[in-house]
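Student: Protein chains in written order, with this note's numbering: chain A, 1 to 619; chain B, 620 to 1463.
Do not rely on the hints blindly, as some may be mistaken.
[To be verified] Which chain B residues stay away from chain A? Per the calculated CB distances, all over 12 angstroms, these: (1) C716; (2) S878; (3) P891; (4) E910; (5) A942; (6) L1095; (7) E1107; (8) L1220; (9) P1274; (10) E1311; (11) K1411.
[Unchecked claim] Looking from chain A toward chain B, a few residues come up when the C-beta cut is under 10 angstroms (computed): (12) F304; (13) E324; (14) E475; (15) S476; (16) C477; (17) T481; (18) I493; (19) A516; (20) A519; (21) S521; (22) T527.
[As the list claims (entries may be wrong)] Straight-line distance between alpha carbons at most 27 angstroms, and here's what the computed DSSO-like set of lysine-lysine pairs gives: (23) A:K338 to B:K1135; (24) B:K1040 to B:K1138; (25) A:K138 to A:K428; (26) B:K1040 to A:K338; (27) B:K1411 to B:K1458; (28) B:K1136 to A:K338; (29) B:K1043 to A:K253; (30) A:K173 to A:K253; (31) B:K1241 to B:K950; (32) B:K1122 to B:K1112; (33) B:K699 to A:K496; (34) A:K496 to A:K603; (35) A:K136 to A:K428; (36) B:K1241 to B:K978; (37) B:K1044 to A:K253; (38) A:K338 to B:K1044; (39) A:K338 to B:K1138; (40) A:K253 to B:K1135.
These aren't lab readings, by the way, just hints derived from the structure by calculation.
Computed from a predicted structure; not experimentally measured.
Yeah, the Cβ is synthetic: ideal placement off N, Cα and C, and Gly gets one too.
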Amino acid sequence: MSDKKIRSSSQLKTLREKHRDRQDSVKQWVTVCGGTGCRAYGCLKVSGALQDEIKSRGLDKEIQVRVTGCHGFCERGPLVVIQPSGVLYQKVKPGEVKEIVEETVIGSRVLDRLLYKHPTSGEKIILEKEVPFYQKQKRLIFGMNGLIDPTRIEDYIANDGYEALARILSGSKPEDVISLIKKANLRGRGGAGFPTGIKWEFCRASAGDVKYLICNCDEGDPGAYMDRSLLEGNPHLVIEGMLIGAYATGASKGYIYVRTEYPLAVLNASIAIEQAQERGFLGDNILGSDFSFDLEISKGAGAFVSGEETALIAAIEGRPPEPEVRPPYPVESGLYQKPTNINNVETWANVPWIVRNGAEAYAAIGTDGSKGTKIFSLVGKINNTGLVEVPMGMSLREIIYDIGGGIPDGREFKAVQTGGPSGGCIPKDLLDLPIDYESLLEAGSMMGSGGMIVMDENTCMVDVARYFLEFLRGESCGKCTSCREGIIAMHDILIKICAGRGEPADLDLLGEIAEAVKAASLCGLGTTAPQPVLSTLRYFRNEYEAHINDRRCPGGVCKELITYRIDPNACTGCMVCVRSCSVKAISGEKKQPHTLNAELCIKCGACREVCKFDAVIVE
Amino acid sequence: MKISLNGKQIDAGAGRTVLEAARAAGVYIPSLCDIPRLEPFGGCRLCLIEISGRRGYVPACCTSVEDGMTVLSETPALQKIRREILELILTEHPNACLICTEKESCDEHKSTIRKVGETTGCVLCPNNGRCELQDVVEAVGLDRVRFPAVYRNIDIKKTDPFFDRDYNLCILCGRCVRTCQEERGAGTISFIRRGSEAVVGTVLDVPLLEAGCQMCGACVDACPTGALTERALKYEQPAERTDSIICPVCGMGCRMDVSLLGGRIIGSRPAPDGPANGGQACVRGRFLLREIPGSDLRITMPMIRRKKDLEEVEWAEALDFVAGRLKSFKKDEIGLVYSTQLTTEDIFALKKFGRDVLKTKRVLPSSASGAPDMMMDLAGTNGSISSLICDLNAVAEADTLVVCGSDLPRAHPIAWVNVLKALKKDAGLVVAGTADSSMDRHADVTLRVKPGGESALYGLLAGKMITNGREKSGALGPGSEKVFAFYESQKEKALLDSSGIEKMSSVETAAALLLKKGKTVILWDTGTVPDDREKEAAVHLWNLALLTGARLLPLSSTGNSRGAAEIRRSFAAEPTASAFTQDVAEGRIKALYLAGPFPVLKTKKTEFTVLQASFWSEASAKADAVFPAAVFAETEGTFVNTEGRLQYSPRVLEPPDGVKEDWRIVSLLSQIMKRGDFTFKNASGILKEASEVVPAFAGASFTGLKKSNGRFLKSAGESPLNLILPFEKPTKIPTNKSYPLLLECRDSAEGYRELLFAVAHPGFALLRDPEAVWLNPKDAKSLKLGDGDPIKVSFFGGSFGAVARLSDGVPVGAARTIYAGGLLPELSFVPPASVFPVKITRGQ
Ligand SMILES: Cc1cc2nc3c(=O)[nH]c(=O)nc-3n(C[C@H](O)[C@H](O)[C@H](O)COP(=O)(O)O)c2cc1C
Ligand code: SF4
Ligand code: SF4
Ligand code: SF4
Ligand code: SF4
Ligand code: FES
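I would like the entire structure built from these sequences, with the hints used as guidance.
Tutor: Okay, here's the thing in structure tokens:
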């Protein structure tokens, strides 16, 4: 064990070169995305089959199979990339492995049917880097995910891993590191966007012999999974970031708080910690310096609110995860009442890049107030869903149309909800909004964790607000009155409006409660919980009014307010809808326009989903 | 520190929150979740304020004052948001009455309609009139609730004794949860579920008793609403008045605010300003005091047995009868027993009565005063309390605490409350005892000894102090070399064995804590019948304290044990309990004068028994004469608590017709018998005499005590603190092949005088069953006994019936019982010691 320890940066360099050489000796390698998303599609079967196939051909010296972290394009998994050529195959099944090896790996022929098809032009794309989903991205942080096996520290080291750490340990003072991060203007990726360098500086300045670091991988936002993907796909990057942070703040012990629902992240992070300890990146006298730091994993049962920093501290201490009033801030008195610096996974992952490439290079990316890149999770009514890393300041339009490939089935874009469950909805008029902390706040939403839910014309914005409030109703910890009761009150009013029982006075009441909850609540959950209500009231007040005054749901979603009928002119009599209706409300002869019995209809929308001719009309 | 509050400069004091500073300055800021004693919470959001230079609104209860701070609490924006928050609170609370315009006239007309099962508005709520929610609504001036109402529809929880929980009224302020956790260390209740489902409750919603509730009632007192209400009070009219008395039950000396109605005590709550208890009490003081004066078992007429049966007679006749008989006994032929739950004045009068009227030196306290008495003996000064002994405040301030031989939360709850205060400030805790307890999970080390193994442990610890580097200084007295030598020659392994502790490492950990710098306090309690073994334990603890610079708090077992111990020092030495019972059993004591509970002995040798008692018991049936005596609230007097705090307790109730105070009864007898000087006119006169005779009471008077809110006993000068040489040979617990189990008897004041709380209230029997004998399941298995089986416990010299209870917390080979001063007929036995060998067989 101890012989594996690296005791100086020159030793690290030698080791890196050794692993690079070894990497270079491999002629080809086939990467299979092994992230949680692709695992759900059975990628491990594919990688297993690949390994068997290559071995049975006696090629395992020249061709390597590498199970990597998430590539972000989860919707198309399992993903296989043949390197160095960069050919991308999507939705690969184990049965197709033999052919891939034979044709593409050995024979350099491309299998057309496994290629990705451009959603609008229908053109087949061969190389991963040419896929529009990846083309406009800037994968500073996320890029390595697709190249390395997260369970092999060697892969990380070969890709400049721990180089940043070595650099600061040979000569930089903690203050230098802090001013570097301040100059780069890195801001917290966990939601609020607090300047990281300033946080570190506060922590460093706090009196106390024991200080802690925490990596926040609670990721309670149901739509987001970039933290998981980073931690499971490249855990050493996060560890290296924390090591640099520990050196800068003077912390001696760190915790990675991961929700138990992320078993792969827990596993890969544990393996990485063990390897880092073995190699001497964690422990006493790191790389032969005076600097010592160790890490531990703390698992939490995920409630949304446990991601809030004071609740998270309570959870690590074994108390119920309830937020506490700040000040004192964790940097003054946090875990076990000691100064504690908490940062988000993605924040930590940015740190090594900044150290390696310098503050100027980093600050050159992004907008005035928001630097670097941000990873978003793009979901909802959009062609390409997945994780995208883009420079700050990219417009919503670029993300949604260029990277996301637009709205499916030619429907119209209506709004995008950003910032997680307590974020806000941004309407079509603001599609050219540059995405950064300030612009989002101004637009009545927020960066939050980076969730991005795209909604099309068939969405009811009142229903959207109701939906998010319902989530928050269950997730508020219940400690403070305004959040607990205020969310209930807003939710109840929204239910009433959606059910067609709204009254004109409800809108003012809703607005009043929302403002009170925002102003009076104890933690970020409460102060942001009204956002879905406030932003929809701001941009879609007409939809509320339609519900209340005309008893009409413009999105065609609120069951009490809609009826379904079939447009006889559009209906081709294909019978698909007849089969889809569970209550047999649709009848009709083949090739004759069908009819829908509104008495029987339960407004489930199944017919509308299946109709290829848009003949099912909702009013 | 000065701050500006709404434009006025106020002196805020340091270390306060803005809310506290405002309260002190008489500025009202509404609040519902804040309790000064608890950590700031910031949940209700009513106390939001604006501070110049800070963004948004901040809660005053969580914000510390800073010099020069500018605070606004009444801006229009704040008033608006406060009304909205209050409206939100009321969406989940019955609010019709709160905002009803007919409120006032309604109050005038309503009668006893609160006797309904469910509270749907203030008029039906037990909390009506003293509800903080009502106060806040009034202050904020809310007259409407516009937001949709939510009814939680939760069943009212009524399965636990003493109080109901109606969470439909709960505003989730968390005061109960935090009180239970922070102040009582019980952690019985918590917030369960999140969001709109959030509610207070126990894990898995089990009844409180199953969740480890002490039934202290602290949560009830903390609750601002009617969610937690005392069941007995639900059906009472509001009290006519309240008054403060001292709880006579255990030795903590809690000041209780009793509510009085129609000549009855209808309830008692710990006085927030109680000098010893500061707003806390325990189940006995909180829920059982009301059961005492009006008990069905009260004796209200004197009785005498002329022929076969006891018959009720007038006082004069009874007194003549008794005086006549008592006169016929010679010196020392009468045994006198006095209760240590009586006032100092009663006890003094009884002691004097024994000496001057009954002319006997056979005088016995009904309950051993144990620990304080033994420490006083060691201190050797005449009733003084040495500087080694500390008060409860020192417990709260300690850095390390060692609890020896007591289940504090149960037996000495206020001591426990103070231990928790120290733990909050990161104090270390060592718990040494024979059984598990709720303290264990707060402890850094738990030293589980076998019954009787305590002195071996304390000796071992004292020895460790010397071997682990405590400097052998001559300043610890002339004989200290010998003591050092004694400890150095101890055989550690043998001591560990006889202590019954499994690993030396846990003793080492405890020793390391004791050697740590800082203030250490050792709290110690003895068993029921102190013996040589416990004296030896006292010596080791004394030495341990001297060697570590620690202080001691010996714990007294009943309300006035400590007062009795002081008085005793000015009278002839008392016999030991076992000598006294032997004298009774063997006929050297021919007559008994029982002014306190004493077991009924199955001896025919006692010729005449007088009972001066408040309640019927098995003893009353056997007595030849019975004098009905007043109870605590019916007599004025003083109590000395475990710390040596002398407190005055007024007479707040008229005794029932025919009942007289203890001191008055013996004074009357003395006058008839024409012996002794009993010319007191009132209790105050007795204290005056006592203050001249008993050095510790020097200068004490009712007037002085009333004015000063109690005071500590006078110390009669300090003698030098010396190490004491322990017994050469450790005292062994007698073992006997025919009696294979070791029974340990612990007394934690489970009644008042002759009245057992388990009898007075069925709820108490659920909490603490005096008939139970606890056994390890392994022993029970080999005895083929199950939980709840009737058993017979035999020992050398007698036997008694009981009920088997199983617990892993009792070591194998041991058994435990509460010996409630011989109160229960079935348990009428006299323990030969606190720990003695027994045999257990299936009973009946
Ligand atoms: C309700 C709530 C949930 C949160 N959840 C997370 C989370 O899952 N992950 C996270 O990194 N930060 C979360 N935060 C933000 C944290 O409190 C904290 O600001 C953040 O971890 C700091 O890291 P950063 O400065 O790197 O962003 C949450 C905040 C609130 C109010
Ligand atoms: S708790 Fe208070 S406000 Fe609620 S019903 Fe009872 S008295 Fe009224
Ligand atoms: S009665 Fe005491 S122990 Fe029981 S829940 Fe209330 S505070 Fe806790
Ligand atoms: S029961 Fe009472 S004290 Fe407990 S949270 Fe509810 S209102 Fe507050
Ligand atoms: S019994 Fe003791 S602790 Fe309980 S209330 Fe009375 S004096 Fe206080
Ligand atoms: S008293 Fe301050 S928030 Fe409740």
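Student: Flag every earlier hint the structure violates by its number, smallest first.
Tutor: none
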